[in-house]
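K.L.:
Top to bottom, those sequences are chains A and B. Quick note: the first sequence uses my numbering, first residue 33, plus one each step. Quick note: the second sequence uses my numbering, first residue 99, plus one each step.
Simulated from the structure, these hints should not be mistaken for laboratory data. Keep in mind the model is a prediction, meaning the values are calculated, not measured. Nothing false has been slipped in among the hints.
Pairs of lysine-lysine residues, derived as BS3-like cross-links and limited to a Cα-Cα distance of at most 27 Å, are as follows:
hint, chain 1, residue 1, chain 2, residue 2
1, A, 41, A, 110
2, A, 110, A, 42
3, A, 259, A, 106
4, A, 110, B, 124
5, A, 41, A, 259
6, A, 41, B, 124
7, A, 44, A, 110
8, A, 259, A, 110
9, B, 124, A, 42
10, A, 44, A, 259
11, B, 124, A, 259
12, B, 124, A, 44
Simulated DEER-style distance windows between Cβ atoms:
hint, chain 1, residue 1, chain 2, residue 2, range
13, A, 215, B, 138, 53 to 61 Å
14, A, 203, B, 122, 34 to 42 Å
15, B, 134, A, 207, 42 to 50 Å
16, B, 114, A, 147, 22 to 30 Å
Yeah, the Cβ is synthetic: ideal placement off N, Cα and C, and Gly gets one too.
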Amino acid sequence: MAQSTNALKKSKGILGALALLAVAVGLWWSLLVAPPDAYQGEVQRIMYLHLPSILTAYLSYFLVFIASGMYLWKREPKDDLLAHAAAELGVLFTALTIIEGSIWGKPTWGVWWTWDARLTFTAVLLLIYAGYLVLRASIDDQQRAASAAAILGIIGFLDIPLIHMSVYWWRTLHQPPSILRPDKKPWENVHPAMLTALTISFVGFLLLYFYLLSLRYRLGEMRQEIKALRLERGI
Amino acid sequence: MGPWGYVALAYGIVWGAIVVYWFSLKRRYRDAENELNRLRSLEAAPGHEQN
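In isolation and in its complexed conformation, chain A is listed as follows (with noise of 0.2 Å):
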């Protein structure tokens, strides 16, 4: 038992330190050895950010999705957990989309916000999953809590399609994407170092987004074997 723990902490610690250095080299590709872009010039450094943020955010939502739909299936306690644990990086990582967004916003648009398909669609995102952690916080029962929180973590989801889409759609001020693009390959419409760094940006982004799921994670299921632990000690 002392054994595995440790191992687990230890895994745990490289996941960090990997984290960390991908993050470091990402910043240093990003501020320093990628070309500014011909037309926004330096501005357009916060794409290094703003893409592996929202791309992070969509991943999370995608575990909520489908940990929702395992815990709405087989009502196994470690699929619900999952869930609440990437329901809440979810929404860290989609404020600090919108966040850095409007300071982007700022010096190319000449607004801090415009209501935007797209725009309103990510902020329509972030008001769910906040949605979902204030109606788990504010149900007692733990089962019910998890079924409602379940049943909207699915039907949030659907959001995710509609913000991709949004800039095809209708007529927005947000840019068509320059990577997920159906066209064309992401090399053949970025510069290689501007692909370089958001690759390695991204890849910082993912392991640092793994580390922190699995310290919430965590947090979630000791939470649990507190509570059971009270239960049982009548506390």
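Chain B: place on chain A using the hints.
P.N.:
This is chain B only, laid out in the frame that chain A set:
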């Protein structure tokens, strides 16, 4: 504000927020770990009376 000012603002807020979240997560993690150890030690001491 110049272009590098916006870049610095974005990078500062993002990495600042992530570090704050990480510290808060570590604190919650440590609190839970301590509470769990306390409850386990109570469990390991049979006959211990609760107040």
